[in-house]
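Chains L and Z, in that order, are what the protein sequence lines are. First residue of the first sequence? That's 1 in UniProt numbering, and the numbers climb one at a time after it. First residue of the second sequence? That's 1 in UniProt numbering, and the numbers climb one at a time after it.
Be aware that one or more of the hints could be misleading.
[What the hints assert, rightly or not] Simulated pairs of lysine-lysine, DSS-like, Cα-Cα distance not exceeding 25 Å:
(1) K80(L) - K105(Z)
(2) K8(Z) - K277(Z)
(3) K277(Z) - K76(L)
(4) K5(Z) - K113(L)
(5) K115(Z) - K105(Z)
(6) K8(Z) - K133(L)
[Unchecked claim] Just some of the chain Z residues that point at chain L, by a computed CB distance under 10 Å:
(7) V10
(8) E91
(9) E102
(10) T276
Since the hints were made in silico from the structure, they are not lab data. Nothing here was measured: the structure is a model prediction, and the numbers come from that model. Note that the Cβ used here is the ideal one computed from N, Cα and C, for glycine as well.
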Amino acid sequence: MSIKFKNVTKEYKTGTNSFYALKNVSFKANEGEIVAILGPSGSGKSTLLNILGEIDRATDGEIMFGDLNVSKLSDKELTKYRRNNVGFVFQFYNLIPNLTAFENIEVAAELTKSPLKIEEVLEAVGMLQNKNKFPQQLSGGEQQRISIARAIIKNPKLLLCDEPTGALDYNTSKEVLELLDKINKMYGTTIFIVTHNTSIASMCHRIIKLRSGQITDVKLNKERISPKEVEW
Amino acid sequence: MILNKRIKRVLFQNKMQYIGLIFLVALSISLYSIFGSLASNFNEATDTYNNKTNIEDAKFLTLKEVDINKIEDMFNVSLEKRYEVDVDFKESTIRLIELSSEINKPLIIEGRMIKEGEIALNPAYAKANRIKIGDVISLGGYEYLVSGFVSIPDYIYPTKSLTDLMADPTKFGVAIVTSKDIKKYGDLTYFYSIKGDISNAKKYIDSEYKILMWQDIKDNLRYTLAKKKIEQLPQLAVKIPLLFLSLTFILLFVLLKRIIKLEIKEIGTLYALGYTKSEIQRHYLFYPIIISIFGTILGTLFTILLQKPLTDYYVFYFNIPVSPNVKYNFLLYGLLESVLILSLSAYVASAKLLKYSPTTLLRGKVEKDKIPIFANINLSRFKFKNKRIIEGIFKNYASYIWYIYSINTSSCWLCCKGFSRRID
């Protein structure tokens with residue numbers, strides 16, 4: 001699914017003051033791309049991701065998911081759209097602590113009519129042997145794998161990753177990046193990765209740089225490397 | 001919903017709190033059904049009792065002897081003369097009452113009806129003075145075999161004098177003996193019991209025989225006190241359980257609010273996955289439903305165990321034979337009431353937090369940091385340890401106000417209860 005942002009603005013108002021988290025942001029990403037969103041803290045990366053994921057609304061501008069203008073959808077329609085088309089991966093995994101790894105994935109699977117097979121996805125993320133463990137019995141990397149499995153079980157067209165390696169060590173981070181790359185290749189999922197780590201951008205098809213809510217650079221990565229080669 | 005799989009795990013993790021809540025619901029539902037059943041059983045029993053015993057409309061005493069047949073013929077009434085005499089038994093007094101045949105017919109609660117040389121007593125007095133069926137007791141020089149325990153309709157609540165408010169079964173009791181037996185005593189007093197169209201009869205009796213005392217049944221505390229207490233049962237059936245349910249409402253509210261606050265990040269995640277507010281709300285509404293169901297099961301058990309002893313307790317004081325049937329419809333009402341009230345609690349506890357946007361919830365914090373109330377208080381003259389204690393109190397001042405209120409209320413309640421018992 002291609003994504004198109006046209007003059008998207010997100011404004012927060014507190015009394016008479018207003019603050020722009022995003023201002024006139026425009027970019028385009030093609031279906032099946034891995035897109036890195038880079039920028040310092042407070043640059044609007046997470047706001048952009050939230051608007052992409054339909055969990056936050058833009059104040060102004062147009063957002064096209066394929067041929068669908070999602071900025072015109074009602075809250076109910078947006079939830080329905082998110083249910084079927086968007087997967088989230090969070091920095092701190094956000095797994096439900098009282099559910100097993102399998103059940104955590106099931107929670108997402110039951111939202112869609114035709115989810116992928118849980119065992120298959122667990123196999124793909126290398127966590128089939130841990131399916132009956134609770135999150136607190138898993139390491140950070142393992143939890144992030146489950147979190148990715150939960151995000152892709154719906155077979156979403158769009159996978160949004162908010163600092164997916166932010167809480168992980170070097171080796172585990174590379175494993176997670178390899179997994180995202182594998183998912184991109186296996187299912188053709190469009191993936192957006194928000195990160196502080198500029199090295200991660202080298203494995204992405206497209207790189208968007210943000211500063212103070214505005215895009216400073218959008219470029220296609222012609223010298224894309226595999227996640228195994230990514231070093232920092 | 002897969003999410004509901006976590007409910008039993010959450011319940012198990014906080015088992016002591018939830019057991020406490022289930023216990024409170026059980027207590028509330030059992031009290032509601034016990035008192036409700038008791039009220040219903042007493043109502044049914046009172047109607048039957050009044051019919052069976054043919055309770056008087058009034059009792060009176062006249063200056064001159066009344067011609068019973070004449071009055072009965074003249075007016076549409078029944079009239080009966082009944083003798084009474086007070087005799088001492090150990091440290092107490094027994095009022096022997098002549099066995100009547102038409103009005104105020106005694107009803108045997110346990111044992112059998114008296115014959116000549118036999119006596120039947122009110123059960124509270126018999127118990128207080130350790131008199132059993134089959135015992136032989138001596139009253140004023142005459143011996144009687146105790147044939148049973150009896151309920152006398154105009155003495156349902158047996159007080160010695162007409163103006164007494166409290167019955168004391170250790171000091172005073174009533175008993176029936178045959179006409180032949182009662183006439184063995186000297187100093188007999190008597191009253192006339194009348195039933196029917198009494199207003200015209202009363203005027204005539206007063207003009208002909210001069211009424212010295214007239215008491216309508218509605219003014220007879222020995223009957224009305226019991227009636228009023230029985231009439232209060234439905235109120236009791238509502239008030240006490242409601243008190244327990246209110247307490248459960250508050251406790252569940254506090255507990256669920258705490259749990260939901262700890263889970264806001266997960267709730268935000270669920271929103272992000274595509275869950276709707278109503279789906280998540282429905283999940284949290286399962287908690288009160290489970291608590292109510294388990295509370296009702298336990299409450300039913302309590303009811304089955306306690307219905308008979310409590311009915312016996314009431315029968316013991318009011319002397320009306322009542323069956324200890326459990327009315328299961330009250331358990332059903334109790335369940336519905338508890339589901340409704342506790343669901344409201346869960347709804348209120350979750351509604352405020354669930355209205356936040358997913359992005360706010362995903363931050364894991366929805367409330368702004370408050371400036372501590374003690375920030376502007378100079379605590380420098382206190383020792384380190386005391387400073388921490390004072391800060392702790394100010395930090396959780398709402399909880400401490402609640403603790404003080406709870407201790408204060410329970411102390412007052414205990415004091416008042418003790419005081420009222422002393423008056424009793």
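Evaluated hints:
The straight-line distance between the Cα atoms of K80(L) and K105(Z) is roughly 77 Å, outside the 25 Å bound, and the hint therefore fails. A C-alpha spacing of about 22 Å is found between K8(Z) and K277(Z), which places the hinted pair at or below 25 Å, so the restraint holds. Distance hint between K277(Z) and K76(L) is fulfilled; the C-alpha atoms sit about 11 Å from each other, no more than 25 Å. Taking the CA atoms of K5(Z) and K113(L), the gap is about 20 Å. The hint holds against a cut of 25 Å.
Annotation: proposed proximity of K115(Z) to K105(Z) holds, straight-line Cα distance about 15 Å (limit 25 Å). Of the supplied pair hints, the one linking K8(Z) and K133(L) holds, its CA atoms being roughly 17 Å apart against a limit of 25 Å. Residue-level restraint check for V10(Z) holds (minimum Cβ-Cβ distance to chain L is 6 Å; threshold 10 Å). Interface hint status for E91(Z): violated, as the beta-carbon distance to the closest one in chain L is roughly 67 Å, over 10 Å.
The beta carbon of E102(Z) is not positioned within 10 Å of any beta carbon in chain L (closest approach about 73 Å), and the interface hint is therefore violated. Taken as an interface hint, T276(Z) checks out: its beta carbon lies about 6 Å from the nearest beta carbon of chain L, inside 10 Å.
Of the numbered hints stated above, those contradicted by the structure are hints 1, 8 and 9, listed in ascending order.
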